[in-house]
Amino acid sequence: MKDLLVTKDVTKKFGEFTALNGVSINVPKNSIFGLLGPNGAGKTTLIRIINQITMPDSGEVFLDGNKLKREDVHNIGYLPEERGLYKNMKVGEQAIYLAMLKGMSKRDAKANLKYWFEKFEIESWWSKKIQELSKGQAQKVQFIITVMHKPKLLIFDEVFSGLDPINANLIRDEIIQLRDNGTTIIFSTHRMESVEELCDHIALLDHSNKILEGNLIDIKKEFKNNLFEVGLHTSDKLALENEIKEKFHVSEASFKSLEDDLKLNIQLTPNDTSSELIQYLSNRAQVNHFVEIIPNASDIFIQAVKNNS
Amino acid sequence: MNKLKLIIRREFNAKVRNKSFIIMTLLAPFLMVAMGFLIFYLSKANDSKLKTIAFVDESKLLTENAFENSETVHYLDLTKLGMKAAKEEAEKQEYYGLLTIPKQDSLELLAKDIHFYTQKSPNMMLVESLEKKIEDNLRTKKLHQLDIDVVKIKSARIRTDLKLSNFTGEKTSKLINGIKIGFGFLAGYLLMMFIIIYGTSVMRSVIEEKTSRIIEVIISSVKPFQLMMGKIIGNALAGLTQFAIWIVLLFVLSAVASAVFGVSMSEMQRAKVTPEQMEMAKEIIGNDKIQTLITEVLNLPLLQMGILFILYFLGGYLLYSSIYAAIGAAVDSETDTQQFMMPVMIPLMLGIYVGFATVINDPHGTVATIFSIIPLTSPIVMLMRIPFGVPIWQIALSLGLLIATFVFIVYMAAKIYRVGILMYGKKASYKELYKWLRYKG
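Line order of the protein sequences matches chains A and B.
Under the working numbering, think of the first position of the first sequence as 1, with each following residue one higher.
Under the working numbering, think of the first position of the second sequence as 1, with each following residue one higher.
Hints are not guaranteed to be accurate.
DSBU-like cross-link-like pairs, simulated, lysine-lysine; straight-line CA separation at most 30 Å [what the hints assert, rightly or not]:
no., chain 1, residue 1, chain 2, residue 2
1, A, Lys129, B, Lys19
2, A, Lys135, B, Lys133
3, B, Lys84, A, Lys152
4, A, Lys150, A, Lys90
5, A, Lys90, B, Lys133
6, A, Lys87, A, Lys13
7, A, Lys135, B, Lys223
8, A, Lys13, B, Lys415
9, B, Lys3, A, Lys106
10, B, Lys133, B, Lys84
11, A, Lys140, B, Lys223
12, B, Lys3, A, Lys67
13, B, Lys19, A, Lys128
14, A, Lys67, B, Lys415
15, A, Lys119, B, Lys3
16, A, Lys114, A, Lys129
17, A, Lys224, A, Lys256
18, B, Lys223, A, Lys106
19, A, Lys13, A, Lys135
20, A, Lys224, A, Lys263
21, A, Lys8, B, Lys19
22, B, Lys19, A, Lys106
23, A, Lys90, A, Lys114
Don't read these hints as lab results, they were simulated from the structure.
The task is simple: from the sequences and hints, build the whole structure.
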């Protein structure tokens, strides 16, 4: 079984409003799967359905090849966007309670907690109340509580919000390590740079529909459109620019360089190849800079949503 | 471990470890006992002032049958001074009052010409007892005038006391009705207080989970219904613990306080009833009757009452607290709860008032019967009626309806709860709630 989680034609309506319209996604095992989409696209509803917080009107969800059942809540760890902890409860006691609700025994919960508290060097927080911790500290505790029962599937909704760069890096490294140790992770965020950094696969929801899904590299290949950024050193800048403009579709480029007189974005037609272009340019000037522009996650997001509307 | 159990335990611990809960649990009995003593001492201080009542008795009404001095009232004969001087003297000496009995030809005329002068408005109880004493004296005198033997008259007075019993032969007395009313009202009132205090506490706990945003974390592990029931049960257990501690502390404290201040409990009880009521009670009971009373209390269907009390208490509390939970889920903060509180308070108040108004007069009257069958008021009104013996079919109908309503309300509340806990920053209206009820899954 290649996919850990599969949703099939999941539809959910709230009264007249359709939150999800036949959404099918396949989350490959052992991957970090970015679930993306503009506000109100239906991401949270889909995540809640996977967590069995809400039930779909139609469609099915499969975990590890089997239809999702009630006990599967023990195999899932969920960090919701709207998150928090009991303010008046002590950190350790609270973590044990929440772990036991996930089906762990008290002893295992204690042992796992100890491991994480030592790893994050926060043993001293055990008997503190949540209200005595800062927001960032509470987020760390919340992260531990999400992962401590060693679920097969982890779902993070805006995991980095409220974290400073140091703690964000710490959590990022943990997420990567969890993936490397065999956990599958669904990662929902609006921060495209972390999608770029972490995700192997993505799915894009817009207006209750899935409009894009796949391996991030494949999607990038699909979305790249033969655009090259070049920096040329030449004695006659104007003549060269006019010559290139006649042959190619060209636009102004801006990047930092030491001595490029002419900076251009050159659009190739599908018939042209990059080696032909570099040949053409090096016959006419000194090529200092030659880069294929690959769309980043943010570009893909904007492009896909624009195409959809 | 069972998840519901885990939730119940957490809710219970969260409640009983709360500082204000601990303070209230320990402080309330002290306050109650202190209040009792305060009332007792105040009423004693009020009564204990010695009142001197002067009298001018020109008809010699009191010569044969003088008023006896009591602990609080002394009588002073100023007949020698004459009406006018006695009045001045009484005013000057600041006596409590002056009773004047002029000389008249007949007792009938005299009866209409007796005055009582006081500085301030007089104590009505005192006036009544004076009137009674004067009437007694006048009657005795009149009997003498008519040449009727007082002893014979007295021996001709035969007291009756209807022996009440129902057709199955069980004996009852008039007083036992009072005790039944007491039992019933205490139960009804306790239930209402319990619902209001701990229902609100369930609601607060729901709101707290919403505002601290932990709710979504928890319901990714347990069903909202489990969480709601866990809360309701956990709070109820905390409440019962609090009640139990209160009862124990109250007993201990009263015992200690009585020993220290040298006031017996019975004296405290007596302080609350007026002398009038005491006399009435004495007349009705008579010392020999206390024994029968105890047997009668023991003859009450105590086991049946106990079981029904538990059933109605549970049914009523669960019914109302699930409504409270739904309200908590529908709002973002406690200030928003007002609009939803009315539908909860009205049936509760109705239950109490209808109970007080109708059950006393006729425990089996139409109104009392109907309200003890309608589910939202039945826990309170039926609890009031039970000591009087309610037909089995009524109990069955009422309990059946209560359970059906309970299941229905919990189902509805759970639906509202499930949708509501995930709604942030949305002001819920009744229309909105209706929409939530129609959401699937």
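Each hint tested on the structure:
For the suggested pair Lys129(A) and Lys19(B), the alpha carbons sit about 14 Å apart, so the restraint of at most 30 Å is met. With a C-alpha separation of about 81 Å, the suggested pairing of Lys135(A) with Lys133(B) is violated against the 30 Å cut-off. Distance hint between Lys84(B) and Lys152(A) is unfulfilled; the C-alpha atoms sit about 107 Å from each other, more than 30 Å. For the hint linking Lys150(A) to Lys90(A), the alpha-carbon distance of about 22 Å falls within 30 Å, and the restraint holds.
Distance restraint check for Lys90(A) and Lys133(B): the Cα-Cα separation of roughly 73 Å exceeds the 30 Å cut-off, and the hinted pair is therefore not satisfied. Proposed proximity of Lys87(A) and Lys13(A) is contradicted: the alpha carbons are some 34 Å apart, above 30 Å. For the given pair, Lys135(A) sits about 28 Å from Lys223(B) by alpha-carbon distance, which is consistent with the 30 Å threshold. For the proposed pair Lys13(A) and Lys415(B), the alpha carbon gap of about 16 Å is at most 30 Å, so the pair holds.
Of the pairs offered as hints, the one joining Lys3(B) and Lys106(A) holds, with about 13 Å between alpha carbons and a cut-off of 30 Å not exceeded. A C-alpha spacing of about 24 Å is found between Lys133(B) and Lys84(B), which places the hinted pair at or below 30 Å, so the restraint holds. The hinted pair formed by Lys140(A) and Lys223(B) meets the criterion: a straight-line CA distance of about 26 Å does not exceed 30 Å. Distance hint between Lys3(B) and Lys67(A) is fulfilled; the C-alpha atoms sit about 23 Å from each other, no more than 30 Å.
Taken as a hint, the Lys19(B) and Lys128(A) pair is honoured in the structure, with Cα atoms around 17 Å apart against an allowance of 30 Å. Between the alpha carbons of Lys67(A) and Lys415(B) the distance comes to roughly 25 Å, so the proposed pair stays at or under 30 Å and holds. Restraint check for Lys119(A) and Lys3(B): the C-alpha separation of about 29 Å stays at or below 30 Å, so the hint holds. Between Lys114(A) and Lys129(A) the CA atoms are separated by roughly 17 Å; this keeps the pair inside 30 Å, and the hint holds.
A C-alpha spacing of about 22 Å is found between Lys224(A) and Lys256(A), which places the hinted pair at or below 30 Å, so the restraint holds. Straight-line distance between C-alpha atoms of Lys223(B) and Lys106(A) comes to about 21 Å, which keeps the hinted pair within the 30 Å bound. Under the criterion of a C-alpha separation no larger than 30 Å, the hint pairing Lys13(A) with Lys135(A) is inconsistent with the structure, at around 35 Å. Among the hinted pairs, Lys224(A) with Lys263(A) is consistent with the structure: their alpha-carbon atoms are about 20 Å apart, no more than 30 Å.
Restraint check for Lys8(A) and Lys19(B): not satisfied, since their Cα atoms lie roughly 50 Å apart, outside the 30 Å limit. Between Lys19(B) and Lys106(A) the CA atoms are separated by roughly 27 Å; this keeps the pair inside 30 Å, and the hint holds. For the proposed pair Lys90(A) and Lys114(A), the alpha carbon gap of about 15 Å is at most 30 Å, so the pair holds.
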